[in-house]
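Q: Sequence:
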Amino acid sequence: MTYVTLGGVTVGICILIHHLVQWWPGIKSLRADPARQLGVLLPFVLAWCYGCLTVLGVGGIIGWTGRAARWISNWLGDVALVWGVGGQTRQAASRVIYLPLTQTGLGIVLIMTVAMLAAVKKSQYSRDLKAGAWCGVCLGTSAGVAGFAAVPLAQAANWLGGTVYGAIA
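What the sequence shown shows, in the working numbering, is residues 135 to 303, in sequence order.
Rather than coming from a laboratory, the hints here were simulated on the basis of the structure.
Misleading hints may appear alongside valid ones.
[Said to hold, decoys possible] Label pairs and their calculated CB-CB ranges:
1) Q258 to Q222: 40 to 46 angstroms
2) V213 to H152: 14 to 20 angstroms
3) I151 to L251: 38 to 44 angstroms
4) G191 to S257: 25 to 31 angstroms
5) A290 to W198: 20 to 26 angstroms
6) H152 to V216: 18 to 24 angstroms
7) V248 to H152: 25 to 31 angstroms
Everything numeric in this text was worked out from a predicted model, so none of it was measured.
Beta carbons: idealized from backbone N, C-alpha and C, even for Gly.
Please take these sequences and the hints and turn them into a complete structure.
A: As structure tokens, this is what we get:
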């Protein structure tokens, strides 16, 4: 298992801040049409949820890809902290106990993977989807607010999988 480091969490937060700064429409536009302005964030948020789910005990190629992305993010963030600002690196506090995905929850993650790959290839929001998934991988197992979101995401995936596959069986 690849644990998230302080550098990896920093990379995830940097991706999130960068995306929010790029998105910010201004207070006037946000007040005038909040639904449309917040809707622009939807691809990023959905991809973030997917990224979180890929590091929650998912195995195979999908899990390996998520863990590899987290390892690369940890390395990049650690290098930036040590060489960029003269800091130190360490393992970040992470959620040691998380709700594992059931077999039907894993089926939902596989379905989401197919949808993400198709959306990244065909959608105009490809950049938002990639950034959201990367951010989710970095922050999905951290002990902060983002890490606590992993439990409801796993519960939702397990419930959806049980509902979908229960109706089929």
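Q: Could you tell me which of the numbered hints above are not met by this structure, giving the numbers in increasing order?
A: 3
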